[in-house]
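Just need the whole structure built from these sequences, with the hints factored in.
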Amino acid sequence: MKITIDEGKCVGAGQCVLVAPDVFDQRDEDGVAVLLTEETPEDERPRVQEAARVCPAAAIATDGR
Amino acid sequence: MSADPSEGQAALAYPTARGCPFSPPAEFSRLRAIPGLPRVQALEGAEPRLITRYEDAKTILSSTGLSARFDSPGFPLFSPSDVQQRDDRNESLIRTDDPDHLTQRRRLARHFTVKRVHALREDIQRTVDEAVDELLAEGSPADLVKLVARPIPARVICLLLGVPYADHAFFEDAASRALAGDSDPDEVRVALGELAAYLDALVGERISEADGDDVLSQLARDLVLPGTIDRPELVTIAMTLLVAGFETTGNMIGLGTALFLRHPAQRELFLAGDEAAQAEAIEELLRYLSVAHHPRQFAVREEMTVGDCPLRPGDGVLISLPSANRDSAAFEDPDVFDVRRPARGHLAFSHGTHQCLGQALARLELLLTFRTLFTRVPTLREAEDSGPYDLKQHSRIHGLNSFTVAW
Ligand code: HEM
Ligand code: SF4
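Heads up: the protein sequence lines correspond to chains C and B, in order. Under numbering that gives the first Met the number 0, think of the first position of the first sequence as 0, with each following residue one higher. Under numbering that gives the first Met the number 0, think of the first position of the second sequence as 0, with each following residue one higher.
I should point out that these hints are in silico values taken from the structure, not numbers from a laboratory. In this text, all values refer to a predicted model and were calculated from it rather than measured experimentally. Any given hint could turn out to be false.
Claimed, not checked - 25 Å max Cα-Cα, derived DMTMM-like pairs, lysine to aspartate or glutamate:
#	chain 1	residue 1	chain 2	residue 2
1	C	LYS8	B	GLU302
2	B	LYS145	B	ASP172
3	B	LYS114	C	GLU49
4	B	LYS145	B	GLU129
5	B	LYS57	C	GLU49
6	B	LYS145	B	GLU381
7	C	LYS8	B	ASP97
8	B	LYS145	B	ASP166
9	B	LYS114	C	ASP5
10	B	LYS114	C	GLU38
11	B	LYS145	B	GLU383
12	B	LYS57	C	GLU6
Claimed, not checked - Only some residues are given here: those of chain C computed to face chain B with a beta carbon under 7 Å:
#	residue
13	GLY13
14	GLN25
15	ASP29
16	ALA57
What the hints assert, rightly or not - Covered stretches of chain C, going by a simulated chain B footprint (3 or more residues, C-beta under 8 Å):
#	region
17	0 to 12
18	42 to 55
Ideal Cβ positions, reconstructed from N, Cα and C, are used throughout, including at glycine.
Okay, here's the thing in structure tokens:
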């Protein structure tokens, strides 16, 4: 599945890492969220959507569906 | 622009009378059901809008059209301490706006990532174990607030700031007098002064040595030495971390223990869960208690519509996080404490750009504290003659002054 993180918006709260630890990580320099792998398997979708829902900065977007 | 459903209604008094000590004033549930955004009475004649519903709170907290600065036109002053903070020109992170705010926040964020916090896990566990040792050594009955709820967050902040062990007792005592309860304003001022002087000296040491691996030493090395920030700014950061992390976490521990003891079945469910289930239970505890009950305060700086109400630049808004977290439109049977419900997405840490920076740390402290306390002291209960809860009356953070437990 396709995920985009808006780095300009991310406030580094780390909720995405708590919800989907196999998908998201935080950069050491400033806590901004990054994707752990280029390709995220489809079965992570529910967790990624949950991360997008709880993200305080609305910084996570996913492809439709 | 649409009509204002609350047009012409008189400003209300902000609801403060709690029935249940664990629940927000019942008045909020009445207000959530009324369309529009009521006006409430604030200081200096202002009548800001009050936001009580989950969706409205989330929408407005996510918007870029708010200002958290005391000096923004329309910023609603709500309690006497606001007036004092405005007049003192409080420059903490919480009262700055993007883009400056995000620049400052990112300098700190690296120290509060999920990874960094989890690297502290053993240290936090040791801190929790020591506090429980001290509770047991005191003997039953004992004050849980004094022996567990205050020392744990105080010592974790000591770890972050690299406060030497020999100074822990002073630090804990001064922080308790300054921040932890219903103390006399003069005593608070004295204690805050002692802390500020202490932190200033500590920052001075960190700048001259700058070789430690605590957060303060790292900030001194990364920010003060290259000239990005100066010494007073680092003292302000240290104070912000102390103020933001001490009473919040301490009150969650005190009140959370009281709540679990009133709901033994929920405590059993919590203890029986694996780490993931326990983490979800902590979310429910955060939602249910929502200790940051003093409203979030903002001035509107861009036109927007929230709860069908048009808001204009210069309007003030107050947002009740406890009310939003008890909204039945967002949480089924919101007044039921149920550790198995999906509570994530609650607003106990607020939402948007100012959402709690220390949340990963707070979550871990709470998880390890409740797990350790209830495992090591399985017969823990409210002391027989403990009487009504000793609730803080005037605090910005809801909690207990003391809580006598037995085992
Ligand atoms: C359960 C415990 C905690 C609760 C309920 C809590 C709650 C909150 C809330 C509601 C805010 C938003 C403030 C506002 O908009 O006015 C906030 C901000 C903040 N919190 Fe926490 N907090 C907790 C623990 C901590 C800890 C342990 C730390 C760090 C040591 C911390 C550091 C901060 C900081 C630095 C901010 C300001 C963030 C910003 O303005 O960007 N908090 N917290
Ligand atoms: S939850 Fe959102 S704001 Fe927080 S780290 Fe992840 S992307 Fe950034």
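Status of each hint after checking the structure:
1. C:LYS8 - B:GLU302: holds (21 Å)
2. B:LYS145 - B:ASP172: OK: B:LYS145 and B:ASP172 at ~10 Å, within 25 Å.
3. B:LYS114 - C:GLU49: Given pair B:LYS114, C:GLU49 holds - Cα atoms ~20 Å apart, limit 25 Å.
4. B:LYS145 - B:GLU129: holds (13 Å)
5. B:LYS57 - C:GLU49: Holds - the C-alpha atoms of C:GLU49 and B:LYS57 are around 15 Å apart, at most 25 Å.
6. B:LYS145 - B:GLU381: Measuring from Cα to Cα gives roughly 15 Å; hence the hint holds.
7. C:LYS8 - B:ASP97: With a Cα-Cα distance of about 10 Å, the restraint between C:LYS8 and B:ASP97 holds, given a limit of 25 Å.
8. B:LYS145 - B:ASP166: Within the cut-off at roughly 18 Å; holds.
9. B:LYS114 - C:ASP5: Distance of about 21 Å is within 25 Å: holds.
10. B:LYS114 - C:GLU38: holds (22 Å)
11. B:LYS145 - B:GLU383: Judged against 25 Å, a Cα distance of about 18 Å means the pair holds.
12. B:LYS57 - C:GLU6: Distance of about 20 Å is within 25 Å: holds.
13. GLY13: With Cβ-Cβ at 4 Å, under 7 Å, it holds.
14. GLN25: holds (4 Å)
15. ASP29: holds (4 Å)
16. ALA57: holds (6 Å)
17. 0 to 12: holds (count 3)
18. 42 to 55: holds (count 4)
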